[in-house]
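Visitor: Listed below, chain by chain, are the residues.
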Amino acid sequence: MYSEILENEHEVHEKIINILGKRFTTYGYKRIKTSAFEQYDLYSNVRTSINQNEMIKVIDYTGEVLVLRPDVTIPLTQQLVLLHDNLPEEMRYYYVQEVFRQTFQESERIGKTQAGVEFYCESSPASDAETIMLACHALRDVGFLDVKIEIGYAGFFNELIADSDITAEQTAELKMLIQAKNVVEIGPFLQQLSMDPSIKEVLEQLPLLYGAPELVFKRLQNLQVSELAQDAIKYLQRTCDIVELYGLKKHIVIDLGLINHMGYYSGIIFQGYVENFGKPVLMGGRYDALSEEFGVKLPAIGFACEIESLVKASSNKGQKERYSIDVTVLYKESRIKYAIDITNELRERDYRVISKPMIDTKHQSDSLYTIQLTEQQNKLVDQEETKEFIDFKQLLDFIASKKGVPEWII
Amino acid sequence: MDYLTVAMAKGRTAERAMKFLEKSDVYFSEFTDESRKLVIYDDKQKIKLIFVKAVDVPVYVEKGAADVGIVGKDVMMEDPRDVYELLDLGIGRCKLAVAGYPFTPVENIPFLTVASKYPLVAKEFFDKKGIRTEMIKLNGSIELAPLIGMSDVIVDIVETGTTLKENGLVVLQELADVSARLIVNKASYATKTEDIQQFIKDMKEGLEVRS
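Those protein sequences? They're chains E and R, same order as listed. 155 is the number that the working numbering gives to position 155 of the first sequence; each next residue is one higher, with no gaps. 520 is the number that the working numbering gives to position 110 of the second sequence; each next residue is one higher, with no gaps.
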């Protein structure tokens, strides 16, 4: 039923926000909010990946053009610049807010809820690794098992082609080929361009510089790159080493061909993927240069994820999340007192419980467990088996041994 | 069990792709020429093949409904999608070309009426030459358009040229070489890296045996 889907979706939505908020807090982040309306000029003066015509514009009574908050990072950075003229100490903020962007696909919603963190700190592999850890940790908390974080380096590509004499059009085409990992066409395309053969070789290899860190760094050793690019690689390698210390080895993938949505990013960039969902659910990176556009140096790294995508991705996960009720208690009239006792006790322990008289034994269950109380016996039924229990303690043991705590709390 | 979902259009390309995979011991014995099934599994239950319309293959892959797709380069050119394009299968080779009556001028003229299944590709091609165009999007029997005077030229796939010849038309200019490509969803490539790389390897082996 549609109403049920709707209800369920909102419930999951709230649940995910709670989970993320809790996790961000444990890493020392404080919640902040930004204004719903921002100056249009703020966005026209800054290099960003948000397209100007995606913004929802509003005109106030003085005739000034405002936009409905299209992102949080830019206004937050601008506000901080007003308060600080250098980086006094580390600052950690998180937000959960709606952002508004016009999409040109009718099926997409204009307003989406974004949850994200901004970590204002000096650029260092340790802080970048911790932020990547937080991204992964948060996604795992939401319940995804197969989390993959792709890590790239925003300046790497630009550094490679910095000294080459190629047109903007050629650069755009080259970027497109690299983003598509189009190993078939990139070779012939590079041949037409006039640039250093050693750079050509690196560019041709770029789509293949993908995979486990040790693999990618080994391949990089055989390639000749400039000193600046070399520094970028070292930074990336150090970051990956620390990420591995966090125990994330199997969750990370290096992708030096990751060069889309660069906008204001300058160093490490990353994207998070989860099982059975075709788009990234999380994006972030280091944006040291953004604050400099407002005249102050406030280096930072951050990421954001869209709650709607996470809701969709977790609904793809299948059965486990389907139940909105943990236990249904069915009782024969004579057992009503015991049924009420059990129901109370379970609710005290935060399980979601419904109790009702047993009318038809072929009751279609939409809960994880069903308890049947008849004159003769007490039964606990789940999808796999039926168990008899004598007292409440035994019942609780059965439930706890299978499921532990109620799933909606986490 | 998690399948690797592969989208392709029914027809010769699909059959040849399946032949390639047989070289690596991946069999689809469920599949027969007359079968009208839209979803089939390989004998080891690792790969799920879905048959969709060719122009829809990139959509399925971009949205993640399929992890991998096999589709002609012509489709990718007309409707570019945010996917990885990892392999040229070298099958379904043909050319995208401008065709029309012999000696129809296609250089140094101000204006052309063009009928095509690929209006975006065609428009970009003529824009670069500085020729303004009126595009007529057609979905089939493109060759008819110049015959009945609806367009000056057509932009279409040319394989053997037989259809053109029988209708008195010739290739005037070539736009691009086309062949079947293997495309991959970006998220799948991150989460199912090993399965996909194995699939590509299997495909490649089939390719090498052939050549």
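Just so you know, these hints were derived from the structure itself, not from any lab. Since the structure is predicted, the reported quantities are computational estimates derived from the model, not experimental observations. Cβ coordinates follow ideal geometry from the N, Cα and C atoms, glycine included. Honestly, I wouldn't trust all of these hints.
[As the list claims (entries may be wrong)] Partner residues are not named here, just some residues of chain R that face chain E (Cβ under 10 Å, in silico):
{"no.": "1", "residue": "ALA419"}
{"no.": "2", "residue": "LYS420"}
{"no.": "3", "residue": "THR423"}
{"no.": "4", "residue": "PRO490"}
{"no.": "5", "residue": "ILE519"}
[To be verified] Rough simulated footprint, nothing fancy, chain R against chain E, three-plus residues with beta-carbon under 8 Å:
{"no.": "6", "segment": "244-252"}
{"no.": "7", "segment": "346-353"}
[As the list claims (entries may be wrong)] Non-contacting residues of chain R with respect to chain E, defined by C-beta distances greater than 10 Å in every case (computed):
{"no.": "8", "residue": "ASP412"}
{"no.": "9", "residue": "TYR451"}
{"no.": "10", "residue": "PHE461"}
{"no.": "11", "residue": "LYS463"}
{"no.": "12", "residue": "LEU497"}
{"no.": "13", "residue": "ILE567"}
Visitor: Take the hints in turn and mark each one as holding or not.
Guide: How the hints compare with the structure:
1. ALA419: violated, 20 Å
2. LYS420: Since the shortest Cβ distance to chain E is 23 Å, the answer is violated.
3. THR423: Where the cut-off is 10 Å and the nearest Cβ of chain E is about 16 Å from THR423(R), the hint is violated.
4. PRO490: It holds, given that the least Cβ distance between PRO490(R) and chain E is near 8 Å, below 10 Å.
5. ILE519: violated, 24 Å
6. 244-252: violated (count 0)
7. 346-353: Coverage by chain R is violated here, the residue count being 0 at a Cβ distance below 8 Å.
8. ASP412: Given that some Cβ of chain E is not farther than 10 Å from that of ASP412(R), nearest at about 8 Å, it is violated.
9. TYR451: Its Cβ never comes within 10 Å of chain E, the nearest being 18 Å, so this holds.
10. PHE461: Label holds. Min Cβ-Cβ 19 Å, cutoff 10 Å.
11. LYS463: At about 19 Å from chain E, LYS463(R) clears the 10 Å cut-off, so the statement holds.
12. LEU497: Check fails; 7 Å does not lie beyond 10 Å.
13. ILE567: Consistent with the label, ILE567(R) stays out of reach of chain E, its closest Cβ about 19 Å off (over 10 Å).
Of the hints listed earlier, those the structure fails to meet are numbers 1, 2, 3, 5, 6, 7, 8, 12, in rising order.
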